[in-house]
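Student: Sequence:
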Amino acid sequence: MNLFDLTGLTAVVTGANTGLGQGIAVALAQAGAAVAGVGRSAMDETQTLVEAAGGAFLPLTADLATLEPIDRIVAETLAWRGRIDVLVNNAGIIRRADAVDFTEQDWDDVMNVNLKSVFFLSQAVGKHMLAREGGGKIINVGSLLSFQGGIRIPSYTASKHGVAGLTKLLACEWAGKGINVNAIAPGYHVTNNTAALRDDPDRSAQILARIPAGRWGRPDDMGGAAVFLASRASDYVHGAVIPVDGGWLAR
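Numbered as in the numbering used here, the sequence shown ends at 308 without a single skipped number.
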């Protein structure tokens, strides 16, 4: 028995159009899952990569800045495959400014996508998983900022601490009902969200100097943890927040 085999399972991955979400979607497909990818923009590249890995792909265009798309995401995935076995809450945005200058709009925009939508999409998918009594896996994407404070990103840090808390709360409620809720905490990866840091030579050098692995992460570095948490191999793992950070937190 291959504990990491996802053949026959259906996964919903938010923020699948680029970056970490794309890497996770491809990894799940390589392990055998069909993937419904949710994103604000076209997912042609992700679809090509998923299908090249042998997986079926359903593109769902949605902006998780509001709750409006949530019922549609669930309904269209169920219409496509009849079930949702894995949910990956990856979609996220960031706003940067000194705390004394941070605006209410930047606070609300980040919290709506990074925390509010995570809870309500988990709620909607959780209802399906509980109703069919088949269990399932919910994987939230936190951050190093689920553990640390950071600088100039107050709403992002608050949201990612919140994601860690929600992960534990939902695990406590649903672990006994066959639903595993865990999180991955990526470190500094090459994504759109880190472009400003990578474009700043001094900041980029400071970050690299602290990463024991000596490099920025790649989106495909997320795949192993995602497949583990989506598979039977993690059946007794509940409420964990697993860093994938090149050793940053160990430094």
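Heads up, some of the hints might be wrong.
Result set (BS3-like, lysine-lysine): computed pairs, CA atoms no more than 25 Å apart in a straight line [unchecked claim]:
#1 K234 to K173
#2 K184 to K225
#3 K173 to K184
#4 K234 to K184
#5 K173 to K225
Computed beta-carbon distance windows for the label pairs [unchecked claim]:
#6 D158 to D259: 15 to 23 Å
#7 A253 to R129: 26 to 34 Å
#8 A266 to L187: 19 to 27 Å
#9 W164 to D128: 42 to 50 Å
#10 R255 to A232: 33 to 41 Å
#11 L124 to A232: 19 to 27 Å
#12 T64 to T160: 29 to 37 Å
#13 D259 to T118: 37 to 45 Å
Hints in this document: simulated from the structure, not taken from any laboratory. Ideal placement from N, C-alpha and C gives every residue a C-beta, glycine not left out.
Student: For a quick check of understanding: which of the numbered hints are violated here, in increasing order?
Tutor: Hints 8, 9 and 12 are the ones this structure does not satisfy, whereas the remaining hints hold.
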